[in-house]
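Following the hints, position chain B against chain A.
As a plain string of letters, each chain reads:
Number of protein chains: 2
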Amino acid sequence: MHIFYEENLQNALVKLSPEESRHCTKVLRLKAGDEVGFTDGKGTFARARLVDVNAKSTTAAITHRELKPKRNFHLHMVVAPTKNIDRFEWFLEKATECGIEEVTPIICAQSERTVVKPERLKKIMLSAIKQSQRAWLPRLNDTVKFKDFINNYSSDTPSFIAHCDEGEKNPLRDAYNPGKDVMIMIGPEGDFSPEEVQLARDKGIQAISLGQNRLRTETAALVACVAVSFMNGEL
Amino acid sequence: MHIFYEENLQNALVKLSPEESRHCTKVLRLKAGDEVGFTDGKGTFARARLVDVNAKSTTAAITHRELKPKRNFHLHMVVAPTKNIDRFEWFLEKATECGIEEVTPIICAQSERTVVKPERLKKIMLSAIKQSQRAWLPRLNDTVKFKDFINNYSSDTPSFIAHCDEGEKNPLRDAYNPGKDVMIMIGPEGDFSPEEVQLARDKGIQAISLGQNRLRTETAALVACVAVSFMNGEL
Chain A
1 MHIFYEENLQ NALVKLSPEE SRHCTKVLRL KAGDEVGFTD GKGTFARARL
51 VDVNAKSTTA AITHRELKPK RNFHLHMVVA PTKNIDRFEW FLEKATECGI
101 EEVTPIICAQ SERTVVKPER LKKIMLSAIK QSQRAWLPRL NDTVKFKDFI
151 NNYSSDTPSF IAHCDEGEKN PLRDAYNPGK DVMIMIGPEG DFSPEEVQLA
201 RDKGIQAISL GQNRLRTETA ALVACVAVSF MNGEL
Chain B
1001 MHIFYEENLQ NALVKLSPEE SRHCTKVLRL KAGDEVGFTD GKGTFARARL
1051 VDVNAKSTTA AITHRELKPK RNFHLHMVVA PTKNIDRFEW FLEKATECGI
1101 EEVTPIICAQ SERTVVKPER LKKIMLSAIK QSQRAWLPRL NDTVKFKDFI
1151 NNYSSDTPSF IAHCDEGEKN PLRDAYNPGK DVMIMIGPEG DFSPEEVQLA
1201 RDKGIQAISL GQNRLRTETA ALVACVAVSF MNGEL
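In order, the protein sequences belong to chains A and B. Heads up, the first sequence is in my numbering, so the first residue is 1 and it goes up one at a time. Heads up, the second sequence is in my numbering, so the first residue is 1001 and it goes up one at a time.
Hint data in this document are derived by calculation from the structure and do not stem from the laboratory. This list has only true hints and no planted wrong ones.
Partial pick of chain B residues on the chain A-facing surface, computed with a CB cut under 10 Å:
(1) Gln1131
(2) Gly1211
(3) Leu1222
Note that the Cβ used here is the ideal one computed from N, Cα and C, for glycine as well.
Chain A with its partners taken away, still in its complex shape (with noise of 0.2 Å):
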């Protein structure tokens, strides 16, 4: 069943925008009378069927409408965008398939790359959640520096910060409790800088390791979110 995003899912009949039409014809080639699915990504999953058909405006009638339930914790991953793109966009893409409550694009000292563009991205979490069936849209945050996300952090949720250099490290699965909140932070390229590390500990953010062998960046950051939603029964 392929599955459209759409805003609002309140009402019986759904008008799919032109352009979601023109692929619903095009290449989707589907006809009227055919099931699809819409997520609005705030909660809410419907089952339809299209009652009229074209390339320019299409619309679907309501059949099933069903509001799922938010994971019983959050994850919030904090992530410095890589030097090449893709890789970013990669990590987003599969998070958002794996399942992730928010994201924070950080620049840090050793960054290479400190411009991402959030209608990209955004349009990218768009196709992961049609395509992975989920109901909630993640939330991304505005580019920050990392100076400014520490000075302005205070939370009680449990906090990460993934690093490669030597010192005092739990790893993840020791240092998370299955059900709480959390929020992982996961350097560039280059790593953080020891001094972030530190600024970092200071604000309470527990250093952790993600196994003995280097990952990239945009692996670490999976592998955190997967790790996170194996310890909650998820996989």
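Just chain B now, with coordinates in the frame of chain A:
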């Protein structure tokens, strides 16, 4: 520390290939006396100092050599290459970073891609072991048709097939016992056909699920790798 791949690390001196020599001088700008690492992909990890650096032929002297143990389980992923080969290559890179012992590309009834270039895939795996400082290069088997794979498959290894259809399925977490070798099959964009799932089950391969959400082929394959690593205490 930058890591190079070199098949033979038995001698005291290692001569880098012309390509790696060029990379060493032009991109990394390394100098005589700088420390580098080597992996032979067969368990040996070495530290060395560059003794003679130039763009055509660079030599390093090994200072320390260690044989890294294999993991105490063998993970064999049997994965359908994706229509967009980037996605399969991405899986291979990430799975190599996260740890995997063997990969078999498999062509299924609903596969949209039936050809892969093994040389290119091997390059990606080599690059990923260097990047993640792994001592073992995964084995890449020849691409094989689903029916040929299943007809020849006979193993005491716990073996699983992940699919999205209805039917009796256990979550991977319940199906797999940590410490054991494991083989996991992941289908193409159109999923395994019901007939393929049945053929696998007839061979004693258990059906598993990877959660409630519809994951892309490459996402499902990586999630399975990370879950197996996590269950074995690697994260």
